[in-house]
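**Student:** Chains as they are written, first to last, in the working numbering: chain A, 9 to 155; chain L, 700 to 838.
FYI, nobody ran anything at the bench for these hints, they're computed from the structure.
Bear in mind the structure is a predicted one, so any value in this text is a computation, not a measurement.
Glycine is no exception: its CB is placed at the ideal position from the N, C-alpha and C atoms.
One thing to keep in mind: the hints can contain errors.
[As the list claims (entries may be wrong)] Calculated Cβ distances over 10 Å to all of chain L for the following chain A residues:
#1 His31
#2 Tyr44
#3 Cys47
#4 Gly52
#5 His55
#6 Cys102
[As the list claims (entries may be wrong)] Taking beta-carbon pairs under 10 Å as the criterion, some of the chain A residues facing chain L (in silico):
#7 Arg20
#8 Arg21
#9 Thr71
#10 Asn76
[To be verified] Over 10 Å on every C-beta distance to chain A, these chain L residues come out as not near it, computed from the model:
#11 Arg705
#12 Asn734
#13 Val755
#14 Lys763
#15 Pro787
#16 Val801
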Amino acid sequence: MGDARPIALLSRRYHFSASHRLHTEAYDAERNRAVYGKCNNPHGHGHNYVVQVTLRGPVDAETGMVCNLGDLDAFARTNLLEAFDHTNLNTLKCFADAVSTTENLAIEVHRIFARFPHARLERVHVEETGNNSFDLSCGEPHAFFMS
Amino acid sequence: MIFLTRKAEFSSAHFYWNDSWTQEENERVFGKCANRNGHGHNYTLEVTVAGEVDPVSGFVVDLKELKEILDREVVSVYDHRHLNHEVPEFKTAIPTTENIAVAIWRRLDGKVPNAKLHRVRVYEMPDLFADFYGESTHG
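One chain only, chain A, in its complex shape (with noise of 0.2 Å):
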């Protein structure tokens, strides 16, 4: 493809399944069903989850990769999931402090892919079924939790 390194995106999709429940002690039990509906329900409930991860960067010239994909399946599976599969999201470390929504799933994976050291995140897409999905784009995630 000669001198010039073209820019490419690359998308990877991974799956894992977890459950969880929408609760918040910010809330009385009233106001957690009101707003949470069935997500409230005590015992929880689970899903089967997609995080689809672009990464952005110059095409190698010597490999024709934005990035190995082999790093890339080696980091998400050591740092999503390992962590996230067939786990209760609510006992985790990240959701201690937050609800786990699906947005809130979102920014966390974000904050995970940002660290991979091979190419730059771009977006970060999570479905939590096949009829809602969230997207975050790049920046600092934080910025999403203060707007």
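Keeping the supplied structure of chain A fixed, place chain L upon it in accordance with the hints.
**Tutor:** Chain L alone, transformed into the frame defined by chain A:
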């Protein structure tokens, strides 16, 4: 401005190999993709063009014409072929999903009348795809 996306599919064989590396290096970097006998995928191509809606036809582009362009420029060249051995651009570039997206952009750029090529997305598998938005973004 309206963005219009057309899909096409092709099934191809490929392998990853850098001639300037040893076999060991190729296998270390590319893993099972370095098997020189090749392997294959059902690729899905999504081509997005941007343009204004023609007030008479109501089209951004004639979808039939866009389909014919994709068939002529890409599918007829890639489908049921070995990318490394039979497609000229991959004599010098490894047919990764990223490079396939770049190569398809170069095949299509300027070929779609009345619309601007906006994005080429290539799915190697449902869980892996690459996007290319054109040559203006170089590293």
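**Student:** Does Arg21 (chain A) pass the interface check with chain L, least Cβ-Cβ distance below 10 Å?
**Tutor:** Nearest chain L Cβ about 4 Å off; hint holds.
**Student:** Just want to verify: Cys47 (chain A) was marked as not at the interface with chain L; is every Cβ pair farther apart than 10 Å?
**Tutor:** holds (27 Å)
**Student:** With 10 Å as the threshold, tell me whether Asn734 (chain L) passes as away from chain A on beta-carbon distances.
**Tutor:** The assertion about Asn734 (chain L) holds, with a minimum of 15 Å to chain A.
**Student:** So is His55 (chain A) really clear of chain L, every C-beta pair being over 10 Å apart?
**Tutor:** Nearest chain L Cβ is 17 Å from His55 (chain A), so the label holds.
**Student:** Take a quick look at Val755 (chain L) and tell me if its Cβ sits farther than 10 Å from every Cβ on chain A, holds or violated.
**Tutor:** holds (36 Å)
**Student:** Should the hint that Arg20 (chain A) touches chain L count as held when the rule is a Cβ pair under 10 Å?
**Tutor:** This hint holds: Arg20 (chain A) lies near chain L, its Cβ roughly 6 Å from the closest one there, short of 10 Å.
**Student:** Beyond 10 Å from every chain L Cβ: check whether that's true for Cys102 (chain A).
**Tutor:** At roughly 24 Å from the nearest Cβ of chain L, Cys102 (chain A) sits farther out than 10 Å, so the non-interface label holds.
**Student:** Quick one: work out the minimum CB distance from Gly52 (chain A) to chain L and report holds if it exceeds 10 Å, violated otherwise.
**Tutor:** About 27 Å separates Gly52 (chain A) from the closest Cβ of chain L, which puts it past 10 Å; holds.
**Student:** Examine each Cβ of chain A, and state whether all of them lie more than 10 Å from the Cβ of Arg705 (chain L).
**Tutor:** Given a closest Cβ separation of 19 Å, the condition holds.
**Student:** Check the non-interface label on His31 (chain A): least C-beta distance to chain L beyond 10 Å or not.
**Tutor:** holds (32 Å)
**Student:** Can we trust that Val801 (chain L) is non-interface, i.e. its beta-carbon lies farther than 10 Å from all of chain A?
**Tutor:** Not fine: 5 Å to the nearest Cβ puts Val801 (chain L) too close to chain A.
**Student:** Beyond 10 Å on every Cβ pair: is that true for Lys763 (chain L) relative to chain A?
**Tutor:** holds (29 Å)
In summary, the one numbered hint that this structure violates is 16.
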